[in-house]
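Q: So the chains spell out like this:
There are 4 protein chains.
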Amino acid sequence: MKITSPNRYSVILGNLGNTCDRFLPTGYKEARPKREMLREAASIPGIEGVELVGTWDIREDNAEEVKTWLKEDNLSCVSIIPDLFSQKRWGLGSLSAKDPAIRQQALDETRSVARIARHLGCPLINLWLGQDGYDYPLTADYRKQRTDLMEGIRQVAGEFPDLRFALEYKPKEPRTHSFHARAADTLLMALETECPNVGVCIDVGHAFVAGENVAEAAVILQHHGEKLFHMHFNDNYRSWDDDMIVGSLHVVEYFELLFWLAETGYAGWYSMDQYPYREDGAAAVRESVAFLRSVERLLTQDVIAEMRELIAVGDPTATTRWMREILFERPRP
Amino acid sequence: MKITSPNRYSVILGNLGNTCDRFLPTGYKEARPKREMLREAASIPGIEGVELVGTWDIREDNAEEVKTWLKEDNLSCVSIIPDLFSQKRWGLGSLSAKDPAIRQQALDETRSVARIARHLGCPLINLWLGQDGYDYPLTADYRKQRTDLMEGIRQVAGEFPDLRFALEYKPKEPRTHSFHARAADTLLMALETECPNVGVCIDVGHAFVAGENVAEAAVILQHHGEKLFHMHFNDNYRSWDDDMIVGSLHVVEYFELLFWLAETGYAGWYSMDQYPYREDGAAAVRESVAFLRSVERLLTQDVIAEMRELIAVGDPTATTRWMREILFERPRP
Amino acid sequence: MKITSPNRYSVILGNLGNTCDRFLPTGYKEARPKREMLREAASIPGIEGVELVGTWDIREDNAEEVKTWLKEDNLSCVSIIPDLFSQKRWGLGSLSAKDPAIRQQALDETRSVARIARHLGCPLINLWLGQDGYDYPLTADYRKQRTDLMEGIRQVAGEFPDLRFALEYKPKEPRTHSFHARAADTLLMALETECPNVGVCIDVGHAFVAGENVAEAAVILQHHGEKLFHMHFNDNYRSWDDDMIVGSLHVVEYFELLFWLAETGYAGWYSMDQYPYREDGAAAVRESVAFLRSVERLLTQDVIAEMRELIAVGDPTATTRWMREILFERPRP
Amino acid sequence: MKITSPNRYSVILGNLGNTCDRFLPTGYKEARPKREMLREAASIPGIEGVELVGTWDIREDNAEEVKTWLKEDNLSCVSIIPDLFSQKRWGLGSLSAKDPAIRQQALDETRSVARIARHLGCPLINLWLGQDGYDYPLTADYRKQRTDLMEGIRQVAGEFPDLRFALEYKPKEPRTHSFHARAADTLLMALETECPNVGVCIDVGHAFVAGENVAEAAVILQHHGEKLFHMHFNDNYRSWDDDMIVGSLHVVEYFELLFWLAETGYAGWYSMDQYPYREDGAAAVRESVAFLRSVERLLTQDVIAEMRELIAVGDPTATTRWMREILFERPRP
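Residue numbers (the numbering used here), protein chains in the order written: chain A, 19 to 351; chain B, 19 to 351; chain C, 19 to 351; chain D, 19 to 351.
The shape of chain A in the complex, shown without the other chains (with noise of 0.2 Å):
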């Protein structure tokens, strides 16, 4: 008996690819054909969707050619998150940029991906504004630029009314800060647009790194409008963006997210965003959906009013012995 309609899980598609750092810009592994990527991803288990980045996976010269590949391999494009920070020319922004060509450009690439989507068939582009934000004190007009973030929005949501932006916040990386920081200030921005289909990504990696509890910042979100539009999941130590495997160090706050996403209706993707830099991409992501699963399995029309009750008494002695029977306890299915 699963919670209500069984969710439904995607990733990144870039996830499959090679990975680098600042040390070894050139990459851990090789470069792939993007053909054998989506092959490989449309091959993880229970994954039916990808999300692919401007640029990288996507231009107006293939969006034919990746919609027939899509279709071969019967995956849905869940999401597009245009190319707005890797590329010199947004090193100091993009929609926020204190440069109004860069602006523009900004704009009009935003503007592409969004005609790619439509094209498609993709109901979402997800924006994470990297590099909009700034790294020294008294270098950053907090007021005018995030006044021009949100008008930038504004405008391009506005021309698109009938798809979905959701702002995918994290407090730093590539900046030491970024404007989209955290659950809250992305949600006022978001309503500052006043167009409702603008909204909110969480990535959990970024939630644990905003020193934010993940399932907390989800029933803020919901409950402003059902502003949480998408989700990312990875796992992480908490002090930075590890994007590691989902489950390889959070159970606990899992179980809990998991509960609240359905208890408030989030009724978007489980998406996996992960930088496996040394691990076999498609094994890592495997994991991550294995892990999900694995919870969503025990989160049973019972166990889900016993966490009810958990949450109305609010005992932490009782909430941990419960916790713990479920992990060590119960017969497994």
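No lab work stands behind these hints: they were computed from the structure.
Any given hint could be a false lead.
In this list, chains with the same sequence are indistinguishable; a pair is considered to hold if it fits within one copy or across any two.
Stated by the list, open to error - Listed next, the in silico EDC-like pairs over lysine to aspartate or glutamate satisfying Cα-Cα at most 16 Å (straight line): (1) 116 / 333; (2) 162 / 117; (3) 106 / 48; (4) 106 / 298; (5) 85 / 66.
All of these numbers come straight from a predicted model, not from anything done at the bench.
Given chain A, put chains B, C and D in place with the hints provided.
A: Positioned in the frame of chain A, the structure of chains B, C and D alone reads:
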């Protein structure tokens, strides 16, 4: 040539009293008569106001007497902080407690403090709801308890439209998670009350612990309807609310903060909120005020203009050079 | 088939008493008679020993009585923790205080506890020197004070060669910086004393706050002459010593830790050191022990062999899959 | 009147070249000819030496040429950093790799760099073993791999007794955990080699991330046989190795650090190790050196005497007042 009108400095009275922690609950110092503490506050150069904590410092039964003392010492009562955190009954929360009887008591306590504030001519209630949060996963009902909290605030703010209510956020302590944890989530709740007299208090140290850039937090609050109602000053190592002397660790950040407070028209008090565990309280507060005034003195109109230009340009090497010149090279006034 | 001989569990007696913090110094609970607390400790399944704090729990004048009680309850006295942290006189340090008279008092206090330990047949003095550290830059003489500290430990350890002295490290609280801050710096000082009876105590939560991998810390200590003398167990969110129920947050890490404790021949007690601010103390300790025993039960010789193989191979996807199978798929015993 | 002889400043050559991260691996800038970078280094006021990275900057086949260039530019080669971190083969470790063939290659690579150092008259090999660590629980053999690491260092240090080997620690990045993570654990391993020519390099930013007080770390290293062999300077927000301009965030801490470096007789270079992602490299390094020299200039014998007195007394209010006077009130020289 000062930035605008001079800033006004105040102190939370308890800064001058005994201090304790969980290992030494009887305190590192001795309890002192309130009358003496007030007189000492008044003697600190620059201090013109005090913040009082309900129950500890002021109750309906001594309000008249305290009013007389304040007048004798020529001190303004800048805010009153209801004691919704230092009694056994609030251990599991006050306005967000699961027990409705406790929520009722918390409302009544806040009303009592609001009446005292009116009597004293104190314009602001500072709501630090330290016990309103949770400790363990799966023990809090984020949805219901956050709504209860919002409604409690709305209720009492509606009853006292002549007073302002500042919600002071802090990520943790005494709970591992506070409901009012960061600037933006607290602002969201303030806005949700739809009461124009509900805003936010930034405690600089709490913002550091939250991983925020405190100047940006101030800008966000002011941007959304001038919702920065109050400021608490102290310093720490960014991982915990060490409540140290202002400027003992952070220097550059205070330049940026004072700039933006002026720039966004913050008109409230600059209030010291420290916890000098082992130091002489008055000396610690004196140093904090002296540090802030030292920065303030440097922020002439010319310097402000330079800062605006640095921010407009946004070159970290230029900003750093400027800061170095200010600290090490320019002749002292 | 258990790993070796069963682990032995104990608890710090104070876990079952009142709890307080700087906001509620009179406590969230009530003070309780020591006799009752001991009896309760003995009643917790698995608990066979207690740790006592000098002054609080045991003094020369009640040592005989406490000895009788322990015998009645069939409890071992696992360690005594000298009270070098909860009196005004230690506010600026004990064995490292700048004032030589305080250093002398700290030596005398430690000697007194050592004599009591001998009397009780307690083999270990746990030195948690929480006040020995500093708060602000440019206030501590790292060179002299660290040497004073080392010499104080050497002195008393030399006088009681029949007892073991475990130095318990913690990065901060009550000072912003402790001299015994991390595993390796504390080990360095233990080695510097050249006393074979001086070693280190790992408090798992302190290690998390220090950013350590606690299993690696244990390996390092054991590698340098089996210097892991004692273990304190609890859990936290990695940023502060929340002193929560063991396993309430970290699960995987405890599997790794228990593996390496066995692997490196740790033969000491598994002692609970929590601070159940708002929970029933006995219930919180019971859950902690139950969690550790749940992990312990799974660590059969076969499972240990699997873990050794995983570690030898070092493939994160294999380790994660294994952990998921253990937690979610293998039949429960 | 300067503290002792003037400090000597150097820079890691790569600071002046291209910069990249995992999102923009081709870089925020352009690659530049080494000859030009060297000349630029020599042009920065105060810079008298450079550190070179093996493979990137210097190899056996270009050592003679580089030697000529250094001479032309009147630059000392302060250290060489073997490239044991930026090649695919080191992805799972170098001297601690599980694969013995890789360990052998790492030894050979280090030997090659040591020979080059001899040829250049460079006295120090800086071993930053960034890949030697692990990412996930239950994937590393802490016991064996740490021992392999120690033995590798011992081996090569024994072969080149005329060179000094500085082990540079860093808690994480590129691995989630480094074996050389903090000052004391790295010192322990240096001591374990029993080679007098093995010591430790403090990178100030790494120490901040480790939660260390960097001045205390220096004191500890010097206390154990003058084991502070080298210093890397930069700045960050304490949670990640942001590699920013020195003094752009921390001011007070640098006063304390420079005091203790002089006090404990540190005689090595003051070397800049930044990563100016988006800034002009030379300008960023110039500011760092200028900041350090600004502090250095203030540290006259009289001021040093004041600092000794403040440390002996240990009153935070006195220290803070003194620091404020230094920064804001004393006439500038």
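Q: State for each hint whether it applies.
A: Structure-based check of all given hints:
1. Proximity of residue 116 to residue 333 under the C-alpha cut-off of 16 Å is restricted to the inter-copy arrangement: shortest distance 11 Å between copies versus 51 Å within a copy.
2. Taking the closest pair of Cα atoms, residue 162 and residue 117 come within 16 Å of each other only inside a single copy of the chain (12 Å); across copies the shortest separation is 45 Å, beyond that limit.
3. When the C-alpha separation of residue 106 and residue 48 is checked against a cutoff of 16 Å, the pair qualifies only between copies, where the shortest distance is 10 Å, while the shortest distance within a copy is 23 Å.
4. For the homomeric pair residue 106 and residue 298, the shortest alpha-carbon distance between copies (14 Å) is at most 16 Å, but the shortest distance inside one copy (29 Å) is not.
5. Proximity of residue 85 to residue 66 under the C-alpha cut-off of 16 Å is restricted to the intra-copy arrangement: shortest distance 15 Å within a copy versus 58 Å between copies.
In this structure, none of the earlier numbered hints is contradicted; all agree with it.
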